[in-house]
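S.K.: Starting from the known structure of chain W, arrange chain C on it as the hints suggest.
Residue numbers (the working numbering), protein chains in the order written: chain W, 1 to 137; chain C, 1 to 187.
In short, the hints are calculated from the structure, not lab data. Computed from a predicted structure; not experimentally measured. It cannot be assumed that every hint is accurate.
[Claimed, not checked] Taking lysine-lysine and the DSS-like style, the derived pairs with C-alpha atoms no more than 27 Å apart in a straight line are:
#, chain 1, residue 1, chain 2, residue 2
1, W, K122, W, K78
2, W, K95, W, K6
3, C, K125, W, K22
4, W, K78, W, K22
5, W, K26, W, K122
6, C, K178, W, K22
7, C, K144, C, K125
8, W, K123, C, K104
9, W, K89, W, K26
10, W, K95, W, K124
11, W, K26, W, K123
12, C, K138, C, K125
13, W, K23, W, K124
14, W, K122, W, K23
15, C, K104, W, K124
16, W, K80, W, K6
17, C, K104, W, K22
18, W, K89, C, K104
19, C, K178, C, K104
20, W, K22, W, K122
21, C, K178, C, K138
22, W, K124, W, K78
23, C, K104, W, K95
24, C, K144, C, K178
25, W, K89, C, K98
26, W, K122, C, K104
27, W, K23, W, K6
[Claimed, not checked] Cβ pair distances, simulated, as ranges:
#, chain 1, residue 1, chain 2, residue 2, range
28, W, A2, C, E153, 40 to 50 Å
29, C, E76, W, D92, 31 to 41 Å
30, W, K6, C, N75, 54 to 64 Å
The beta-carbon is built from N, C-alpha and C at its ideal position, and this holds for glycine as well.
Single-letter residue listing:
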Amino acid sequence: MAYSNKIIDHYNHPRNVGSLDKKDPKVGTGIVGAPECGDVMKLQILCDDNDNIVDAKFKTFGCGSAIASSSLATEWLKGKSVDDALQIKNTDIVKELALPPVKIHCSVLAEDAIRAAINDYKKKRAAEEQPADAAVK
Amino acid sequence: MAAESRLTAQRQHADSGAGAGDYFELFELPARFDIDIALLRRRFLELSRQCHPDAVAMEDAAAQAAALATSARVNEAYETLCDPVRRAEYVLRRAGGKSAAEDKRVPPELLNQTLMLREEIEEAKSAGDQAALTAIRKSVLQQKGDIEGRITELARRLAGQADDSVRDELRLQLNAMKYVGNLLAQL
Numbered sequence: 001m002a003y004s005n006k007i008i009d010h011y012n013h014p015r016n017v018g019s020l021d022k023k024d025p026k027v028g029t030g031i032v033g034a035p036e037c038g039d040v041m042k043l044q045i046l047c048d049d050n051d052n053i054v055d056a057k058f059k060t061f062g063c064g065s066a067i068a069s070s071s072l073a074t075e076w077l078k079g080k081s082v083d084d085a086l087q088i089k090n091t092d093i094v095k096e097l098a099l100p101p102v103k104i105h106c107s108v109l110a111e112d113a114i115r116a117a118i119n120d121y122k123k124k125r126a127a128e129e130q131p132a133d134a135a136v137k
Numbered sequence: 001m002a003a004e005s006r007l008t009a010q011r012q013h014a015d016s017g018a019g020a021g022d023y024f025e026l027f028e029l030p031a032r033f034d035i036d037i038a039l040l041r042r043r044f045l046e047l048s049r050q051c052h053p054d055a056v057a058m059e060d061a062a063a064q065a066a067a068l069a070t071s072a073r074v075n076e077a078y079e080t081l082c083d084p085v086r087r088a089e090y091v092l093r094r095a096g097g098k099s100a101a102e103d104k105r106v107p108p109e110l111l112n113q114t115l116m117l118r119e120e121i122e123e124a125k126s127a128g129d130q131a132a133l134t135a136i137r138k139s140v141l142q143q144k145g146d147i148e149g150r151i152t153e154l155a156r157r158l159a160g161q162a163d164d165s166v167r168d169e170l171r172l173q174l175n176a177m178k179y180v181g182n183l184l185a186q187l
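Chain W with its partners taken away, still in its complex shape (with noise of 0.2 Å):
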């Protein structure tokens, strides 16, 4: 199977690895698996008080492909408001990471991570709006 330049180059020198403060308010985590192979995925995001986010990190057990796909996740997160992040799709890393057929489920698992990081980060934030809102009232 040949892989493309873009994939090499994601997995041997990964952008963004490491952890960020799963206590951290700002911080959304999400973990995900793709039972089919038995990967695991950690994509972290760090968020300002604008819902930006500003950081980005992804800890990734699994094959080539899922390694290249959450590094370029973690690229395409930072800078971007949570929202926005959330119109990424894993088509759109197939295309730019050129990724063979048998591979695609590594883009719907880095997919899947950025969801679920948002996800934990909004929960988040909705919880320490709601004590807030129960003072005022």
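M.R.: Relative to the frame of chain W, chain C by itself:
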């Protein structure tokens, strides 16, 4: 049915486009999780002999190609039914259960735990900490055994009832097995 006509029937079945044929039927075994492994092995050897290249060496190219295709399917069927986890997966799919791609759920905390263990394994490996690796391996093997036990129990229950909850729970455990299997491959 004689083994030879059984193969022909299977071939026709496959040719008719009705699917690859049923693995249990292929080996003339009752379609359930608990099978007679010794009998499976005997029937496998018998079928393998018939589609062995030597057995069809005098026939035309089409017959040889057909024998090769049959041989691949007999091997695949045998490997599937031999392995309890793969057999449970097969029994589940046969009973209308979802595939791993269709239902990715896993028991709660399993992904978290898998991630943590992968990190621990990486650390122990880079530190050359054999004792830590042995300890992790022991606990993962224990977990694998637990999941296998649950898979066996659920796959047995599958035969009697077409209950969604049993199918879903079996899917969950089979998914878990995949992650645990990958963990073990690192150790």
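S.K.: Does the structure keep K89/W and K26/W at a Cα separation of 27 Å or less?
M.R.: holds, 23 Å
S.K.: Can the restraint linking K122/W and K78/W be considered satisfied, given a maximum Cα separation of 27 Å?
M.R.: holds, 17 Å
S.K.: Check whether the Cα positions of K26/W and K123/W lie no farther apart than 27 Å.
M.R.: holds, 11 Å
S.K.: What's the verdict on K22/W and K122/W, does the C-alpha distance respect the 27 Å limit or exceed it?
M.R.: Measuring from Cα to Cα gives roughly 14 Å; hence the hint holds.
S.K.: Between the alpha carbons of K78/W and K22/W, is the straight-line distance 27 Å or under?
M.R.: holds, 18 Å
S.K.: For a C-alpha distance cap of 27 Å, please report whether K89/W and K98/C respect it.
M.R.: holds, 25 Å
S.K.: Check whether the Cα positions of K104/C and K95/W lie no farther apart than 27 Å.
M.R.: holds, 24 Å
S.K.: Does the beta carbon distance between E76/C and D92/W stay inside 31 to 41 Å, or does it fall outside?
M.R.: holds, 36 Å
S.K.: Given the hint that K95/W pairs with K124/W, does the C-alpha gap stay at or below 27 Å?
M.R.: At roughly 33 Å apart (the allowed maximum being 27 Å), K124/W and K95/W break the hint.
S.K.: Verify the proposed pairing of K138/C with K125/C, using a straight-line Cα cut of 27 Å.
M.R.: Within the cut-off at roughly 16 Å; holds.
S.K.: When you check the alpha-carbon spacing of K144/C and K178/C, does it fall within 27 Å?
M.R.: Distance ~10 Å between K144/C and K178/C Cα, so the pair holds.
S.K.: Between K23/W and K6/W, does the CA-CA distance stay at or below 27 Å?
M.R.: violated, 33 Å
In this structure, the hints that do not hold are numbers 10, 27, 30, in rising order.
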